[in-house]
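Novice: Residues in the sequence shown are numbered consecutively from 13, following this note's numbering.
Hints may be right or wrong, so weigh each one.
To be verified - In silico DSSO-like cross-links for lysine-lysine, where the CA-CA straight-line distance does not exceed 27 angstroms:
id, residue 1, residue 2
1, K163, K227
2, K345, K330
3, K330, K163
4, K345, K227
FYI, nobody ran anything at the bench for these hints, they're computed from the structure.
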Amino acid sequence: MSHARAAVTVIGTGSWGTTLAIALARHGRATTLLARTAEEAALLRTANAHPRVAPGVAFPAALRVESDPALALQDSQVVLLAVPSQTMRANTEQIRRHLPPNTVILSCAKGFERGTLKRMSEVLVELLPEHARGIGVLSGPNIAREVLEGKPATTVVATHDHDLAPVAQRLLTTPTLRVYSGDDVVGIELAGALKNIIALGAGIADGLNAGDNAKAAFITRGLAEIARLGIVLGASPLTFAGLAGLGDLVATCASPYSRNRRMGEALARGESLDAALAQLGQVAEGVTTVQTARELAAQHHVELPIADQLFQVLYNGKTPRQAIAELMQREVKHELEGMRGLLGL
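Let the sequences and hints guide you as you build the complete structure.
Specialist: And the structure:
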């Protein structure tokens with residue numbers, strides 16, 4: 013492994029963080045992966061691979077592993093925080109003293125902070141006010157396994173200072189990962205987080221053999237819920253028609269590798285929430301995001317019927333079949349009801 017200083021530092025050795033680090037280094041980007049402990053770093057260096065996340069996939073020469081934040085972040089131009097949303101604050105606090113000036117810092121997490129209801133970029137700005145210009149988000153239809161396999165993928169980056177997004181775009185674009193720049197941090201972040209809720213519903217539809225029509229309804233009406241809440245919270249309506257919106261939603265609802273879709277399938281089979289989470293063995297952000305979405309919707313008087321039903325399934329014992337039946341029995345209405353005013357129609 014190379015000991016050249018990193019252009020990109022990835023925080024997080026889970027599936028997405030490890031995948032991003034390998035994908036970038038594979039195409040010659042000087043990349044550092046920050047391990048949680050010295051023991052983990054030693055294990056990864058010795059194996060020259062991640063035995064749990066990507067067994068058999070050798071680390072490229074341009075990738076180095078560090079456990080010391082000072083060494084990992086030295087001269088880094090772009091920092092990717094690929095950690096679960098509930099650990100974003102703790103991980104950021106560990107690296108804050110070591111960030112070089114003028115660094116672009118991108119959240120790759122798709123969720124909210126419990127309790128504060130903050131988006132990840134809001135947490136970062138709170139902790140790193142001196143870096144606010146370069147704080148932003150990376151999000152899109154990015155199934156980690158496909159990116160790791162080198163299959164074509166696209167994603168979007170946006171920063172608070174719009175002039176800095178192209179810096180990350182140039183560094184992160186490879187022959188197999190096409191990065192678009194955007195200027196709607198709020199919308200990109202909300203779309204990425206809220207789509208996980210809808211993927212639970214798509215998984216339930218698959219698990220119940222409800223058919224493609226039902227799954228299409230979950231995706232389309234789910235997108236309407238995401239957009240209604242997102243626009244009220246300050247997002248651009250156009251974002252929800254792009255890669256970070258519709259693109260990510262389709263991938264997450266369709267992929268057999270999607271954690272949230274698989275969680276929905278498990279619930280449809282009658283498994284309890286605890287049993288389904290244990291079987292998954294990974295974070296399914298939609299399980300906690302549905303709680304935050306309902307709180308935000310209540311604050312802003314936005315209807316989220318799908319999210320409401322999924323909450324009842326997850327936490328109050330409602331059966332998936334009953335939830336779908338109640339969605340189908342809601343009062344009929346115009347398809348754009350609740351959207352016209354938001355879209356200026």
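Novice: So, for every hint listed, does it hold in this structure?
Specialist: We went through each hint and held it up to the structure:
no.: 1; hint: K163 - K227; in the structure: holds (25 angstroms)
no.: 2; hint: K345 - K330; in the structure: holds (25 angstroms)
no.: 3; hint: K330 - K163; in the structure: violated (39 angstroms)
no.: 4; hint: K345 - K227; in the structure: holds (20 angstroms)
Against the hints set out earlier in the document, a violation occurs for number 3 only.
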